[in-house]
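The listed protein sequences derive, respectively, from chains A and B. Every position in the first sequence, counted from 1, becomes a number in my numbering once 5 is added. Every position in the second sequence, counted from 1, becomes a number in my numbering once 7 is added.
Hints in this document: simulated from the structure, not taken from any laboratory. Careful, some of the hints might be misleading.
Straight-line C-alpha distance at most 30 Å; calculated DSSO-like pairs for lysine-lysine [claimed, not checked]:
id, chain 1, residue 1, chain 2, residue 2
1, A, 267, A, 386
2, B, 327, A, 291
3, A, 15, B, 450
4, B, 232, A, 304
5, B, 410, A, 433
6, A, 433, B, 440
7, B, 440, A, 402
8, A, 221, B, 259
9, B, 450, B, 290
10, A, 288, B, 237
11, A, 349, B, 259
12, A, 118, A, 82
13, A, 31, A, 123
14, A, 415, A, 360
15, A, 386, A, 273
16, A, 433, B, 259
17, B, 327, B, 232
18, A, 91, B, 450
19, A, 267, A, 360
20, A, 291, A, 349
21, A, 349, A, 415
22, A, 114, B, 327
23, A, 221, B, 327
24, B, 232, B, 259
25, B, 450, A, 82
26, A, 291, B, 450
27, A, 433, B, 290
28, A, 288, B, 440
29, A, 304, A, 273
The following residues of chain A were derived to be distant from chain B, with all beta-carbon distances above 10 Å [what the hints assert, rightly or not]:
id, residue
30, 31
31, 275
32, 400
It should be emphasised that the depicted structure is a prediction, and the values quoted were computed from it without experimental measurement. C-beta: ideal position from N, C-alpha, C; glycine also.
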Amino acid sequence: MSESLNEIIKIVSPNYFLDESPEIEKYSVDGKKPNLVALPNTLEEISEIIKIANRDSLAVVPWGGGTKIKLGNLPNKVDVVLCTNKLNQILEHEESDLVATTQCGISLKEFQKSLREKNQTLPIDPPHLEKGATIGGIIATNDSGPKRLRHGTVHGTMRELILGIKVIRPDGNIVKGGAKVVKSVAGYDLPKLFVGSLGTLGIIIEATFRLYPIPKFSQTYLVNFPRLQTAHETVLSILNSALTPTCLELVNLTLSDSISDKLNLDLKKGEFSLAVRLENVEKAVKSHVSKLRDIYSEKSSGSILLEGNSEERFWNEIREFPWIKTENNRTVCKSSVLITDIPKVLELLEELSRKLGAVIYASVRAGNGILIISIEGETSKLIEATASLRDLVGSLKGTILIQQAPQVLKSQIDVWGEIGSSLNIMKKLKSRFDPNSIMNPGRFVGGI
Amino acid sequence: MNTKPEIESTEWKNKFCGKLVQILSEEGVISSQDELIAYECDALTAYSIKPIFVVLPRSTKQVSEVIKLCNKENIPFVPRGAGTGLSGGALPTEEGIVITLARMNHILEIDIPNQRVVVEPGVVNLWVSDAINRNDYYYAPDPSSQSVCTIGGNVAENSGGVHCIKYGVTTNHILSLEVVLPDGEIVEFGGKTLDHPGYDLVGLFVGSEGLLGIVTKVTLRIIRKPEEIKTFLASFDRIEDAGASVSGITAKGIIPAGMEIMDYLCIQSVNKAVQAGYPENAKAILLVELDGPIDEIEAQMPLVMEVFNENRAKEIRIAKDTEERDLFWKGRKSAFAAMGRVSPDYYVQDGVIPRSKLAEVLGEIKNLSKKYGLRVANVFHAGDGNLHPLILYDSSKEEEAEKTEELAVDILKVCVDVGGSITGEHGVGYDKKKFISLMFDEKDLDTMNLIRCTFDPQGLCNPGKLFPTPRTCVEQGRKSYRVHPVEKAGLGEMY
Ligand SMILES: Cc1cc2nc3c(=O)[nH]c(=O)nc-3n(C[C@H](O)[C@H](O)[C@H](O)COP(=O)(O)OP(=O)(O)OC[C@H]3O[C@@H](n4cnc5c(N)ncnc54)[C@H](O)[C@@H]3O)c2cc1C
Numbered sequence: 006m007s008e009s010l011n012e013i014i015k016i017v018s019p020n021y022f023l024d025e026s027p028e029i030e031k032y033s034v035d036g037k038k039p040n041l042v043a044l045p046n047t048l049e050e051i052s053e054i055i056k057i058a059n060r061d062s063l064a065v066v067p068w069g070g071g072t073k074i075k076l077g078n079l080p081n082k083v084d085v086v087l088c089t090n091k092l093n094q095i096l097e098h099e100e101s102d103l104v105a106t107t108q109c110g111i112s113l114k115e116f117q118k119s120l121r122e123k124n125q126t127l128p129i130d131p132p133h134l135e136k137g138a139t140i141g142g143i144i145a146t147n148d149s150g151p152k153r154l155r156h157g158t159v160h161g162t163m164r165e166l167i168l169g170i171k172v173i174r175p176d177g178n179i180v181k182g183g184a185k186v187v188k189s190v191a192g193y194d195l196p197k198l199f200v201g202s203l204g205t206l207g208i209i210i211e212a213t214f215r216l217y218p219i220p221k222f223s224q225t226y227l228v229n230f231p232r233l234q235t236a237h238e239t240v241l242s243i244l245n246s247a248l249t250p251t252c253l254e255l256v257n258l259t260l261s262d263s264i265s266d267k268l269n270l271d272l273k274k275g276e277f278s279l280a281v282r283l284e285n286v287e288k289a290v291k292s293h294v295s296k297l298r299d300i301y302s303e304k305s306s307g308s309i310l311l312e313g314n315s316e317e318r319f320w321n322e323i324r325e326f327p328w329i330k331t332e333n334n335r336t337v338c339k340s341s342v343l344i345t346d347i348p349k350v351l352e353l354l355e356e357l358s359r360k361l362g363a364v365i366y367a368s369v370r371a372g373n374g375i376l377i378i379s380i381e382g383e384t385s386k387l388i389e390a391t392a393s394l395r396d397l398v399g400s401l402k403g404t405i406l407i408q409q410a411p412q413v414l415k416s417q418i419d420v421w422g423e424i425g426s427s428l429n430i431m432k433k434l435k436s437r438f439d440p441n442s443i444m445n446p447g448r449f450v451g452g453i
Numbered sequence: 008m009n010t011k012p013e014i015e016s017t018e019w020k021n022k023f024c025g026k027l028v029q030i031l032s033e034e035g036v037i038s039s040q041d042e043l044i045a046y047e048c049d050a051l052t053a054y055s056i057k058p059i060f061v062v063l064p065r066s067t068k069q070v071s072e073v074i075k076l077c078n079k080e081n082i083p084f085v086p087r088g089a090g091t092g093l094s095g096g097a098l099p100t101e102e103g104i105v106i107t108l109a110r111m112n113h114i115l116e117i118d119i120p121n122q123r124v125v126v127e128p129g130v131v132n133l134w135v136s137d138a139i140n141r142n143d144y145y146y147a148p149d150p151s152s153q154s155v156c157t158i159g160g161n162v163a164e165n166s167g168g169v170h171c172i173k174y175g176v177t178t179n180h181i182l183s184l185e186v187v188l189p190d191g192e193i194v195e196f197g198g199k200t201l202d203h204p205g206y207d208l209v210g211l212f213v214g215s216e217g218l219l220g221i222v223t224k225v226t227l228r229i230i231r232k233p234e235e236i237k238t239f240l241a242s243f244d245r246i247e248d249a250g251a252s253v254s255g256i257t258a259k260g261i262i263p264a265g266m267e268i269m270d271y272l273c274i275q276s277v278n279k280a281v282q283a284g285y286p287e288n289a290k291a292i293l294l295v296e297l298d299g300p301i302d303e304i305e306a307q308m309p310l311v312m313e314v315f316n317e318n319r320a321k322e323i324r325i326a327k328d329t330e331e332r333d334l335f336w337k338g339r340k341s342a343f344a345a346m347g348r349v350s351p352d353y354y355v356q357d358g359v360i361p362r363s364k365l366a367e368v369l370g371e372i373k374n375l376s377k378k379y380g381l382r383v384a385n386v387f388h389a390g391d392g393n394l395h396p397l398i399l400y401d402s403s404k405e406e407e408a409e410k411t412e413e414l415a416v417d418i419l420k421v422c423v424d425v426g427g428s429i430t431g432e433h434g435v436g437y438d439k440k441k442f443i444s445l446m447f448d449e450k451d452l453d454t455m456n457l458i459r460c461t462f463d464p465q466g467l468c469n470p471g472k473l474f475p476t477p478r479t480c481v482e483q484g485r486k487s488y489r490v491h492p493v494e495k496a497g498l499g500e501m502y
């Protein structure tokens with residue numbers, strides 16, 4: 006092993022840390038320290054490193070901003086952490102094509118900043134923006150935020166926005182798929198295969214995206230509802246209307262109260278709130294606001310308007326709430342159910358918090374059926390709450406992913422849950438791409 | 008691996024047919040030479056091969072059993088929808104059978120509040136929107152062939168349409184697939200809910216051109232109809248001005264639902280064929296459709312007009328009602344068929360370019376047309392740079408057919424040279440397999456082969472398509488093979 010590590014060190018020197026270095030601690034993966042952290046400068050260097058790792062069966066963990074490194078099952082082993090953040094150049098941005106190609110070690114924040122100069126954006130708002138989440142990490146986790154409703158939900162996720170990709174395969178070969186134009190069906194859709202693959206099929210080096218113009222005007226309405234049922238009815242009415250919100254977020258009591266306190270919003274205590282974001286030309290936003298009022302007016306117990314900084318701060322809270330605190334006794338889950346099943350999950354959460362005395366924050370992409378849930382409490386309570394949630398969501402044919410949990414809990418469960426009949430083909434894919442199982446071994450679904 | 012049966016022998020054939028009939032009953036098997044002719048080719052009629060049998064299953068179970076039988080007897084099989092494909096994707100293979108999904112054509116579930124529709128693969132694209140029209144919902148991907156082509160074919164080709172600039176293509180609207188794998192196993196990819204954990208097998212399967220298995224059930228995402236639709240028709244003296252208008256509109260921050268350009272030859276043919284009433288003398292017309300909230304459209308309309316005027320538009324019409332709007336689109340959607348009016352044969356090319364290179368590429372195509380002495384009519388999804396140059400020729404003249412092929416390839420080279428793609432929506436299939444190397448090197452193709460071999464190690468599912476040369480699956484594993492941890496742990500197996 007030390008010989009292989011020396012070979013790698015030669016390639017990246019002086020950009021590396023060894024296990025005696027104090028720096029290495031922060032590159033631990035679920036408590037496992039790597040033997041080497043390498044910070045290569047070029048894709049050729051990465052390719053060389055991967056070849057060595059593949060030859061000698063070293064476990065490689067790709068590392069972007071490190072913001073989501075806790076996602077996944079406990080690793081089987083961690084030999085080399087491979088940082089991508091030196092590969093951070095935007096390679097092409099042709100304004101009139103609304104397309105850009107970038108190296109994937111760049112942070113989303115930097116990428117957006119550059120696009121903004123041309124009044125364009127990658128319409129995606131996953132968490133960890135300020136902490137430096139990279140494009141590569143967001144692709145590998147298919148992470149997303151509240152902004153998922155535009156144009157029949159073509160917005161909001163890497164899955165829908167990625168057009169082309171360049172990756173380094175686990176055998177070190179540099180390969181590409183997709184294209185640099187907005188439409189191409191030449192060959193299999195390699196970009197989609199890599200979205201959400203958690204680094205288990207190779208290292209994502211470059212990606213091409215479709216972009217959109219930045220909307221001219223934005224307002225958010227925060228509407229209070231004393232009862233969950235009426236809040237949900239309002240959601241269904243909005244979805245079935247001509248309104249085109251870009252975000253529609255249903256926030257549970259605990260989270261609503263906490264955000265209200267933090268941002269001095271004066272929301273009614275102990276009620277659900279529904280946040281409706283409208284982004285468009287000013288006139289369209291304003292006329293939609295009055296239509297929106299007609300929909301909710303009889304059912305709600307009050308509403309406030311957010312714009313400018315206060316609007317941004319609110320959405321920042323929604324995006325980041327599970328990740329702001331660092332307490333250990335916490336489980337963060339992302340669950341996906343049908344829109345009509347959302348109330349059932351929220352009701353269970355209220356019941357669990359009463360029964361267990363756990364503090365449960367939840368925010369729901371009400372137009373997509375995605376719930377972000379953060380549960381705080383002793384480990385035994387976390388275990389019980391997670392199990393109940395899994396039972397319910399399973400019976401609803403939904404999915405639940407445990408994004409973060411204490412190691413005790415993680416050692417007892419598969420954070421991805423049941424995969425069903427497609428797991429077998431996933432395993433076969435993995436062993437075709439990575440026969441020596443060097444890429445992030447053990448962290449993905451079904452032990453992949 | 009089995010050895011090839013003597014498929015020539017009538018005895019084997021009768022026996023095999025008997026086994027198919029056992030699975031599908033008489034009505035589900037076509038064996039008469041006359042009837043087989045209908046399945047010799049898809050809409051790319053230049054290639055044709057007669058299959059040994061055609062089967063028409065009615066259930067997933069039947070599909071699975073037929074495939075298992077094919078595996079046992081080592082017989083290749085080709086999935087087929089409506090046969091409107093333009094790349095020879097459903098072209099039968101020598102000594103193989105065709106599995107047509109046309110009879111699996113039921114809409115299984117309509118769930119408006121959850122915005123989902125579940126269909127069998129033989130359901131025709133337009134039936135979906137028709138079924139939910141009264142709920143004010145629709146299915147967004149709308150290929151021009153939508154009144155005939157099937158959802159199964161759309162999934163296999165990742166079909167586009169005239170509204171994909173804003174709403175994306177098929178892959179953006181598919182949530183789950185039931186698939187019969189090339190070994191007969193029935194599996195489900197994705198689900199009705201979003202963001203399924205694991206590899207995105209739905210994303211991988213859509214656009215895989217029938218090489219990774221047969222789709223037997225599809226969950227579609229449907230969307231709410233826009234509050235308002237406005238369709239413009241602008242005519243120009245120069246096609247370049249139409250192209251510049253397209254860039255001008257997006258530069259204003261407007262993403263129309265669709266933007267389509269037709270050139271002179273195309274306009275003439277369409278007017279003759281379907282009385283579209285397009286301005287007779289126009290050298291080019293640009294159709295622009297805006298959809299969305301009324302106020303948004305009202306704000307955008309003057310901007311669009313401004314762009315038209317800046318680019319010297321001659322005549323600008325705005326559809327005053329649905330009827331006129333349909334007429335604007337009718338010409339566009341029948342553009343391919345209309346070529347029959349001006350030429351005995353035509354070949355549809357399907358290249359993609361960055362929008363910003365439109366004028367340059369159109370110029371190149373004009374030069375190539377002169378060079379080969381063949382007329383080229385241009386119709387294209389201008390909003391996403393997807394060109395459909397229609398090469399007009401006479402197949403009874405041998406040299407013309409040859410020249411057409413050369414010209415078609417030269418156009419692709421131009422597209423790739425400016426950073427584009429050899430196919431935007433029609434697929435590689437049989438037709439373009441030689442040209443996929445213009446975009447992808449050996450290692451890229453090798454990666455795609457890893458995928459194919461994962462799904463179809465025997466190479467029985469729609470073989471001879473997509474890849475420029477036949478590729479085997481054992482090679483890869485053998486070269487560097489050693490028992491790896493996944494296999495040791497019994498988690499996976501080698502193929
Ligand atoms: C006039 C005309 C206009 C067209 N306009 C457009 C357009 O605007 N946009 C566009 O994208 N395309 C267009 N096309 C091309 C064509 O209609 C599409 O590719 C369509 O999706 C093919 O559907 P089909 O049912 O006819 O499939 P087929 O042609 O029968 O098959 C296409 C491919 O799909 C595979 N396949 C079929 N069913 C299944 C299944 N159930 N499981 C797995 N694989 C399957 C076949 O093996 C084949 O490879 C047009 C074609 C014509 C003739």
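For which of the previously enumerated hints does the structure constitute a violation, in increasing order of number?
-> 5, 7, 9, 11, 12, 13, 16, 20, 22, 26, 27 and 28
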